[in-house]
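**Q** Position chain X against the provided structure of chain G, taking the given hints into account.
The listed protein sequences derive, respectively, from chains G and X. Sequential numbering from 14 applies to the first sequence in our numbering. Sequential numbering from 2 applies to the second sequence in our numbering.
Just so you know, the hints here were simulated from the structure itself, not pulled from any lab data. Since the structure is predicted, the reported quantities are computational estimates derived from the model, not experimental observations. One thing to keep in mind: the hints can contain errors.
Stated by the list, open to error - List of simulated lysine-lysine pairs, DSS-like, C-alpha gap at most 30 Å:
(1) Lys-99/X with Lys-124/G
(2) Lys-96/X with Lys-124/G
(3) Lys-5/X with Lys-18/X
(4) Lys-96/X with Lys-98/G
To be verified - Anything over 12 Å on all C-beta distances counts as not near chain X; from chain G, calculated:
(5) Met-14
(6) Tyr-17
(7) Val-19
(8) Lys-108
(9) Phe-121
(10) Ala-134
(11) Phe-181
Even for Gly, the Cβ is constructed at its ideal location relative to N, Cα and C.
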Amino acid sequence: MKKYWVLFKSYLSASLEYRGALFTWLLVELVSLSSATFLWLAVFRTNQTVGDYDFGRIVSYYLLVPVIGGFTSIFVSEHLPRKIKDGAISIDLLKPYSISAINLLNQFGIKLTQLTIKLPAYLFAGIFFTHFFNIHLQLIYLPLALFICIFSYLLHFYLDLALSYLAFWVDDTWSFGLIKTVALMVFGGLSFPLDLVPQNFRLLFDLLPFKYIYFYPVKVAQGGMPANQLVSQLVVLLTWLVFFFILGKLLWFKGIRKYGAYGN
Amino acid sequence: MATKLRKYLKLYLKLAKFSASLEMEYRFSFILEVFVEVAFFFVTLFGMRVVYWNVSEIAGWHFNELLVLLGVNMVFTELVLGFVFIYNLRELPFKIAKGDLDMILLKPINSQFSVSLWRPYFALFPSALAGIVVAVVGFTRGGFAFNPIMFLPFLLIFSCGLVIAYSIGMLISTLSMWFINATPLPMLAQQLLFVARNPYSVFSGAWRIIFLTFLPIAFMASFPASTLLGKLELWWLPASVALAVVFLWGSNVFWKFALKKYSGASS
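Only chain G is shown next, with the shape it has when bound in the complex (with noise of 0.2 Å):
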């Protein structure tokens, strides 16, 4: 266990040494957030509900995406497939450790500096929110949304994990990230709230993991979802999380004995 902190702490001090990187996409990601609030601002100008949605609710769900997405974000798949493809994961399989463990920590740390600098910055927003466009926003469920985050958080890695795995069968790695950022955006709740999509595309939304990762989260800490929705909800986060933890595993055992690596 030892071995796995000392690990931690090296990962937290190298994502220390990217603040500047992280402060920039922070401001990437309030940019994206002034312009849904400019549109939705411009909508909200000529009606007065958008399905179920007013506009104190509709910003909130966009304060709260990048918020949640502060906890429940990955990015092993911008960078492991690549360590496979070019060889480079070969040096931690001599290692005594286990690759998903170091990964997990590895994403942990950058996290804990993400959030440092995330979290005061979308906490001054949602004062200014809160005040300019005189909106409420309830912040009483979420310490259950952020309970809700650790399952939601693992079961990104999971899927994440498993994408990534599949480096050792595909050459065009770099795409892995890409198409998963494609799917999240749609079916993910990334780009717009879920139930406004009509209900005969709902289904398809409802089969996909991918809404458990932002959509559920964001929902919960809105407050409003009925208590059984939100335990049948968790139920199915739990069985898609153990479905990639199992699925990884599988990968990762069938690509290890496949993958092969050399030198001079």
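**A** Same frame as chain G, but now just chain X:
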């Protein structure tokens, strides 16, 4: 001046040819890149469709008009990303941090040209076709009358918009001379291109002035699309030219100023 322009045009054509042959070496990768780009575009389109499933118009724009706007914005964005951002401005913070900029400064070529236009990224250009298709679909579905005369002012505003977008990208990316670890700075500039896909009329109050003057994203998609839809306002023409000149000049002045502060990072 004309000789210099010819020299750079010749150089650019050679660089473009070289870049194209490099990308074509990995054909499947090229096709996948096109697919990913088009997928991102359709995600945006679907996102807007979701909003329009619930409302009939946004700030005076109906869905078919918005299709024209999104189509124009797609072509615009792909051109700017392909020519300026992907292999050029996005690399600038890394070149500065690693000291690779030293090598660029030693070459007898304009350094701003080298860092911002050296290598085009062709995979984005086929996906611009998707933008044209969507704009045409919007035009047809909406039953808008296409006036060929409007194409000339459209081209002028659209081209000036490209120059403005290039200059803003250059201005923001140049800040990496001071913020060494802020590698996503060009992404911040890129994000503005995505804000530009909103109709200009969604902005209100002081934002209308900001997006018309200091960050003139109105000229990047909204005004060109409105021109195609027959809603041209004559003042857009001189304003777009003036802003393009001012921003291009400003980006050059700022780049030269930043170079004076640059001390090199290589050993």
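**Q** Determine for every hint whether it applies to the structure shown.
**A** Hints versus structure:
1. For the hint pairing Lys-99/X with Lys-124/G, the CA-to-CA distance comes to about 26 Å; that is within 30 Å, so the pair holds.
2. With a C-alpha separation of about 27 Å, the suggested pair Lys-96/X and Lys-124/G falls inside the 30 Å cut-off, and the hint holds.
3. For the suggested pair Lys-5/X and Lys-18/X, the alpha carbons sit about 20 Å apart, so the restraint of at most 30 Å is met.
4. A threshold of 30 Å between alpha carbons decides the hint, and for Lys-96/X with Lys-98/G the separation of about 25 Å falls inside it, so the pair holds.
5. The Cβ of Met-14/G sits about 32 Å from the closest Cβ of chain X, beyond the 12 Å cut-off, so the non-interface label holds.
6. For Tyr-17/G, the requirement that its beta carbon stay farther than 12 Å from each beta carbon of chain X is met, with the minimum near 27 Å.
7. Taking the minimum C-beta to C-beta distance to chain X, about 25 Å, the non-interface status of Val-19/G holds against the 12 Å cut.
8. With a least CB separation of 28 Å from chain X, Lys-108/G remains clear of the 12 Å interface cut-off, as annotated.
9. The claim that Phe-121/G lies off the interface holds: its Cβ sits roughly 21 Å from the closest Cβ of chain X, which is beyond the 12 Å cut-off.
10. No Cβ of chain X comes within 12 Å of the Cβ of Ala-134/G; the nearest lies about 14 Å off, and the non-interface call holds.
11. Every CB of chain X is more than 12 Å from the CB of Phe-181/G (nearest about 18 Å), matching its label as outside the interface.
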